[in-house]
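Colleague: Residue strings, one per chain:
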Amino acid sequence: MAIADVKEYCHLTPEEVEQIGAELDAIRAEIEESRGDADAAYINRVITVQRWMAAAARIGMIVSSPMDKKVRGPVLAASAVSLGLAKILENMEIGHNVMHGQWDWMNDPEIHSSTWEWDTGQPAEQWKHSHNYIHHQFTNVLGFDNDIGYGVLRMAREQKWHPVNLGQPVYNALLASLFQWGVALHDLDLEAIRKGKKDPKEMKRQLKQIAKKGRNQILKDYVLYPALSGKQWRSTLKANATANVMRNVWSYLIIFCGHFPDGALHFTEDELEDETRSEWYLRQVLGTANFEGGKLLHVMSGNLGYQIEHHLFPDLPSNRYAEISVKVRALCDKYDIPYTTGPLHRQYGQVLRVIHKLSLPNKLTQDDKPPTGKDITVEHGRRQDEERQQRRLELGGWSRSAS
Amino acid sequence: MTSTTPERRPRVSWEGFRKAADTLTTPLLPDDYLTLLNPLWSSRELRGRVEKVIPETEDAATLVIRPGWGWHYDHRPGQYVGIGVQVGGKFQWRSYSVSSAPKRSGRTLAITVRAMPEGKLSEHLVKGLSPGTIVRLATPQGDFVLPDPPPARMLFLVGGSGITPVMSMLRTLDRRGTMGDIVLHYSSTTPERMIFRDEIAALHERHPGLSFHARHTDTDGIFELASSDAGLDAICPDWRERETWACGPGPMLDAAEAHWEEAGIADSLHLERFSLSLGGDGGEGGSLSFQNSGKNIDVDGATTVLEAGESAGVGMPYGCRMGICHTCTVTKISGTVRDLRNGAEFDQPNEQVQTCVTVPVGPCVLNI
Numbered sequence: 001m002a003i004a005d006v007k008e009y010c011h012l013t014p015e016e017v018e019q020i021g022a023e024l025d026a027i028r029a030e031i032e033e034s035r036g037d038a039d040a041a042y043i044n045r046v047i048t049v050q051r052w053m054a055a056a057a058r059i060g061m062i063v064s065s066p067m068d069k070k071v072r073g074p075v076l077a078a079s080a081v082s083l084g085l086a087k088i089l090e091n092m093e094i095g096h097n098v099m100h101g102q103w104d105w106m107n108d109p110e111i112h113s114s115t116w117e118w119d120t121g122q123p124a125e126q127w128k129h130s131h132n133y134i135h136h137q138f139t140n141v142l143g144f145d146n147d148i149g150y151g152v153l154r155m156a157r158e159q160k161w162h163p164v165n166l167g168q169p170v171y172n173a174l175l176a177s178l179f180q181w182g183v184a185l186h187d188l189d190l191e192a193i194r195k196g197k198k199d200p201k202e203m204k205r206q207l208k209q210i211a212k213k214g215r216n217q218i219l220k221d222y223v224l225y226p227a228l229s230g231k232q233w234r235s236t237l238k239a240n241a242t243a244n245v246m247r248n249v250w251s252y253l254i255i256f257c258g259h260f261p262d263g264a265l266h267f268t269e270d271e272l273e274d275e276t277r278s279e280w281y282l283r284q285v286l287g288t289a290n291f292e293g294g295k296l297l298h299v300m301s302g303n304l305g306y307q308i309e310h311h312l313f314p315d316l317p318s319n320r321y322a323e324i325s326v327k328v329r330a331l332c333d334k335y336d337i338p339y340t341t342g343p344l345h346r347q348y349g350q351v352l353r354v355i356h357k358l359s360l361p362n363k364l365t366q367d368d369k370p371p372t373g374k375d376i377t378v379e380h381g382r383r384q385d386e387e388r389q390q391r392r393l394e395l396g397g398w399s400r401s402a403s
Numbered sequence: 404m405t406s407t408t409p410e411r412r413p414r415v416s417w418e419g420f421r422k423a424a425d426t427l428t429t430p431l432l433p434d435d436y437l438t439l440l441n442p443l444w445s446s447r448e449l450r451g452r453v454e455k456v457i458p459e460t461e462d463a464a465t466l467v468i469r470p471g472w473g474w475h476y477d478h479r480p481g482q483y484v485g486i487g488v489q490v491g492g493k494f495q496w497r498s499y500s501v502s503s504a505p506k507r508s509g510r511t512l513a514i515t516v517r518a519m520p521e522g523k524l525s526e527h528l529v530k531g532l533s534p535g536t537i538v539r540l541a542t543p544q545g546d547f548v549l550p551d552p553p554p555a556r557m558l559f560l561v562g563g564s565g566i567t568p569v570m571s572m573l574r575t576l577d578r579r580g581t582m583g584d585i586v587l588h589y590s591s592t593t594p595e596r597m598i599f600r601d602e603i604a605a606l607h608e609r610h611p612g613l614s615f616h617a618r619h620t621d622t623d624g625i626f627e628l629a630s631s632d633a634g635l636d637a638i639c640p641d642w643r644e645r646e647t648w649a650c651g652p653g654p655m656l657d658a659a660e661a662h663w664e665e666a667g668i669a670d671s672l673h674l675e676r677f678s679l680s681l682g683g684d685g686g687e688g689g690s691l692s693f694q695n696s697g698k699n700i701d702v703d704g705a706t707t708v709l710e711a712g713e714s715a716g717v718g719m720p721y722g723c724r725m726g727i728c729h730t731c732t733v734t735k736i737s738g739t740v741r742d743l744r745n746g747a748e749f750d751q752p753n754e755q756v757q758t759c760v761t762v763p764v765g766p767c768v769l770n771i
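Going down the list, the sequences are from chains X and V. Letter by letter, the first sequence follows residues 1 to 403 in my numbering. Letter by letter, the second sequence follows residues 404 to 771 in my numbering.
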């Protein structure tokens, strides 16, 4: 069900919890002090590779258009894949991490959380609010973390069942393939708009940002580049759509494996009350799941296979999460704190099971999560910012433009 | 593509073309892709490539830099530029006077740097920078400049690496053939440490109007301005009638300032200070909130906004830390700050403030 107090759940004394917090702070300090040339070279290398892949894909589609069909086919296919991979790399390892402020320490205005805009439908500013603040601070707290099902899926047994949930398998497939647009609308809070609770001025401001960003994205992928391919505009359009779907499905998959496998637990509002920094750390470990894989898999998923480490230290450079994970795991073993990880296919298998089971009322299915606290039910609807605790400091920057 | 002839301006400018290309590279800029081909092909941040490192003395070197797109070769002789170098993965900024003469048709600019005993970055610039390194640049700034046309009679008082802006002025005068009646007094600890000594000697050969007084303070002692037999009156009896530019260590500039003030002609003295003493009245201090990082701190009237932000744990940008390079500029959303150099107060909302030389007066909110 859900945890009301992390200390109690882990059978830890307040002193032990503070000790864990101090050890995690020490890991943070060690990484902060050792950031240097090699890390800067890493992110610059990833950015260079990503831009070459994107440029090669766009050029490949254009120059192959007058060619013979036998040549054009393979070039087009390779270009579509290259563009898809470039978009994945940009969204996951570059955009998401830069916007958390992981690279702000370099003092480089071109790779900075305050200026980065990513290659997807959602404006960076709204992402930095819905993700850096709402999701990272209130991780897996029922009624507070809007990422528990994104307002589309029922992903916790405590969320009230509604007959609409029967369609979950379909909504899930739609969300996976249209993920970038789902994310684009995420910070708007459609439910509040439907109920007329949304501040109309703020809604207008956000909609304007989304419309502008979305227009630029669509114009580029579905009008301008196809037009540059002349008679072959249709194949370029298809290739771009393929690349976008590739990115959508992949980022959906990685993100869903972060908090919906069985080991990732939910919390009630009580946990937030007087929560210390150390307790916040503990909640991040308990509410998050890693997945295992090779180096390439981790880079292509923005190092979110180290989701636990990312949630503990959202603003530390992603290339360091692998080494951090060794220490975090040892710490968890020492204090007997559950550390959820497994191969990607198993983690996603559990996610799918949750999606299907929770499309039905609770009494028809069994809970696969480890037994936790009390049985509660949370109503639909989001908390407004005024009803929330103040922002934590290490989640990454968030700024609002006037328009 | 940029055939700009005076008779016919192109209807589609290069800048305009790049702007149109934005729609293809959005959310990035065309420049972000062009730098893949040549690191100088971007005007997003001004860049330069170090072409040559010319050792001047044992501890000083001239960096010849080829700037990238967006750079206008129209600095005024005597101005300084900001240079940002990535050290340990982090961009560090300092400002140095341009020592080359401005040249519209130019391809490079030169700055001369002396490694300071405690200056890690200057040491790196002199000894650790290899040709081919890409650096960031900031546009030329500063009021310590040669007027155009130059006054007929001038006096330059120089100490140590203070020669660099003056060298830019002398080269300009030489190139334009406007070298008039000039007295240059240049102090350096030893002859070996005297940057540009050969070039100045050569200029002196070519231009009889340029008189050059070299002083080696290790053997000759400090130049006493007021001394009657070896002071200013001895080397340049008509100094009161000359426009004077002085550049060098703080005590030297203080002495010059006092001397000119005593003579009642402070207006004809131009100073360039490379280190700043913040003597201004700080006022009562205040509480600062850093909006984007969500941090707050209360500070007294002697703590700059930059120092306050740093102690609160905000990743504040900074460069020279003395109010010249503007790297530290941040938008102040509300409240009032005071400039410690001159007491000027900035109280407008959404105003850009230099955090390294300002202190809060009451509560302030900053956009960082």
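Hints are supplied without guarantee of correctness; some may be wrong.
Keeping only pairs whose Cα atoms sit at most 20 angstroms apart, straight-line, the calculated PhoX-like set for lysine-lysine is [what the hints assert, rightly or not]:
# : chain 1 : residue 1 : chain 2 : residue 2
1 : V       : K455      : V       : K422
2 : V       : K493      : V       : K523
3 : V       : K493      : X       : K220
4 : V       : K422      : X       : K212
No lab work stands behind these hints: they were computed from the structure. Please read all numbers here as calculations on a predicted model, not as lab measurements.
Colleague: Taking the numbered hints from earlier one at a time, note which ones the structure violates and give those numbers from smallest to largest.
Modeller: 1 and 3
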